[in-house]
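Visitor: Sequence:
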Amino acid sequence: MLGRWIHRAGFNDERDFVLRVVQPALVGMIDGTVSSLAPIFAAALASSSRTALLVGLSTALGAGVSMGWSEALSDTGEQTGRGSAIVRGAITGGMTTIGGLFHTLPFLISNVNKALLVAGIVVAIELFTIAWIRNRFLEVSMRSSLLVVTVGGAIVLAIGIGIGSS
Numbered sequence: 001m002l003g004r005w006i007h008r009a010g011f012n013d014e015r016d017f018v019l020r021v022v023q024p025a026l027v028g029m030i031d032g033t034v035s036s037l038a039p040i041f042a043a044a045l046a047s048s049s050r051t052a053l054l055v056g057l058s059t060a061l062g063a064g065v066s067m068g069w070s071e072a073l074s075d076t077g078e079q080t081g082r083g084s085a086i087v088r089g090a091i092t093g094g095m096t097t098i099g100g101l102f103h104t105l106p107f108l109i110s111n112v113n114k115a116l117l118v119a120g121i122v123v124a125i126e127l128f129t130i131a132w133i134r135n136r137f138l139e140v141s142m143r144s145s146l147l148v149v150t151v152g153g154a155i156v157l158a159i160g161i162g163i164g165s166s
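Counted the way my numbering counts, the sequence shown spans residues 1 to 166.
Misleading hints may appear alongside valid ones.
[Unchecked claim] Label-pair ranges, simulated between beta-carbon atoms:
| # | residue 1 | residue 2 | range |
| --- | --- | --- | --- |
| 1 | I86 | R136 | 17 to 27 Å |
| 2 | R15 | L54 | 40 to 50 Å |
| 3 | I121 | S70 | 25 to 35 Å |
| 4 | Q79 | I155 | 30 to 40 Å |
| 5 | T51 | A124 | 22 to 32 Å |
| 6 | R15 | A124 | 26 to 36 Å |
| 7 | N111 | I163 | 37 to 47 Å |
| 8 | S66 | I121 | 33 to 43 Å |
| 9 | V148 | S84 | 39 to 49 Å |
| 10 | D75 | G162 | 17 to 27 Å |
FYI, nobody ran anything at the bench for these hints, they're computed from the structure.
Beta carbons are placed, not taken as given, at the ideal position from N, Cα and C, and that holds for glycine.
Can you build the whole structure from these sequences, using the hints too?
Guide: Below you can see the structure in the form of structure tokens.
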């Protein structure tokens, strides 16, 4: 079913779809999910849910713009065959923003401990989703992908916890 959709959407094959859509989306999702952990969790631990929410919103939106811009400027698509720079930038920027927003939204909960718990659950779901996408489209084993994604997330989370608790 995906194969038929890929051809109807104008992609030559699944590899073309992966290069033009999945890879830019995955880069954005990884960046949005992982890089925003430290500032959001540090703000939550050092301050309040409201502060964590504001830090998370600004981090997600700022990172989305930055990553979208970076992807769009990284190549025109002609050299690499990766398609339109504007489309790739929009995909990367959009997914970066979404990746950062998902675990920011729990900080709408005023009780910071409950918000941290919900945000932690959301992060686990995000990391699993990233691992699944890597497994499905990049043919990385699920076990290896879960390990790498979890270690990366844990390192950045530990930085946020360390700074927020100091």
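Visitor: Please name the hints from earlier in the document that this structure breaks, with their numbers sorted from lowest to highest.
Guide: 7, 8, 9, 10
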